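Protein chains in written order, with my numbering: chain A, 1 to 112; chain B, 113 to 226.
Everything labelled a hint here was simulated from the structure, so no lab data went into it. One or more hints might be untrue.
[As the list claims (entries may be wrong)] Not the full set, but computed from the structure, chain B residues with beta-carbon under 8 angstroms of chain A:
1. 145
2. 150
3. 154
4. 163
5. 164
6. 167
7. 187
All of these numbers come straight from a predicted model, not from anything done at the bench. We treat Cβ as the ideally placed atom computed from N, Cα and C, and that holds for glycine.
Here's the letter readout for the chains.
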Amino acid sequence: AQSVTQPDARVTVSEGASLQLRCKYSYSGTPYLFWYVQYPRQGLQLLLKYYSGDPVVQGVNGFEAEFIKSNSSFHLRKASVHWSDSAVYFCAVYNAGAKLTFGGGTRLTVRP
Amino acid sequence: DPKIIQKPKYLVAVTGSEKILICEQYLGHNAMYWYRQSAKKPLEFMFSYSYQKLMDNQTASSRFQPQSSKKNHLDLQITALKPDDSATYFCASSQAGTGCSDYTFGSGTRLLVI
Numbered sequence: 001a002q003s004v005t006q007p008d009a010r011v012t013v014s015e016g017a018s019l020q021l022r023c024k025y026s027y028s029g030t031p032y033l034f035w036y037v038q039y040p041r042q043g044l045q046l047l048l049k050y051y052s053g054d055p056v057v058q059g060v061n062g063f064e065a066e067f068i069k070s071n072s073s074f075h076l077r078k079a080s081v082h083w084s085d086s087a088v089y090f091c092a093v094y095n096a097g098a099k100l101t102f103g104g105g106t107r108l109t110v111r112p
Numbered sequence: 113d114p115k116i117i118q119k120p121k122y123l124v125a126v127t128g129s130e131k132i133l134i135c136e137q138y139l140g141h142n143a144m145y146w147y148r149q150s151a152k153k154p155l156e157f158m159f160s161y162s163y164q165k166l167m168d169n170q171t172a173s174s175r176f177q178p179q180s181s182k183k184n185h186l187d188l189q190i191t192a193l194k195p196d197d198s199a200t201y202f203c204a205s206s207q208a209g210t211g212c213s214d215y216t217f218g219s220g221t222r223l224l225v226i
């Protein structure tokens, strides 16, 4: 069965520091992978997605993610975080039947 | 302008009552979905509809019934509400057959059952 694991429920970093949020997936076949962000009391906003090709995909607001098939990972990175990046981040894999399977989310807190 | 409208944004209901959550999308998509996010569980898929027909149902309870009166509507009727139904319900849509490139979520309806 498809699954997504985000091993870090909470991450705290200082403003200006680099960031990596981890995501591991289990999927038979070629995965379509996503990162979404959820700000307080808001819906899900797409940060980036991977279908094929270059394993490093660029997203909005300076975020990028790298697909590493051998490791079944799709970690999210940002070179320098801003306080406004504080939010909950979700990794997801697209399944047959057009449904997304989400990880448990990582709550990011950026200290000023 | 929001492309997916969910109404209401917040809803308080009494245990045992019935509520309908509204979802309308203005993206021209032909597939719509419901997801649930609760304090106890991560975001989880509930239903998918394509061309107004049920494609997949991952909810264990028949108390949850999607209703598609128009091709850009997918409402969610919940009967005999329980406190465990308290969650944020997200509607989403996409264009069936094109993969997942345009999967879009609404801002959610936060339901509290007391």
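Legend entry - Numbered hints the structure breaks, given as an ascending list: Hints 2, 4, 5, 7 contradicted; others consistent.
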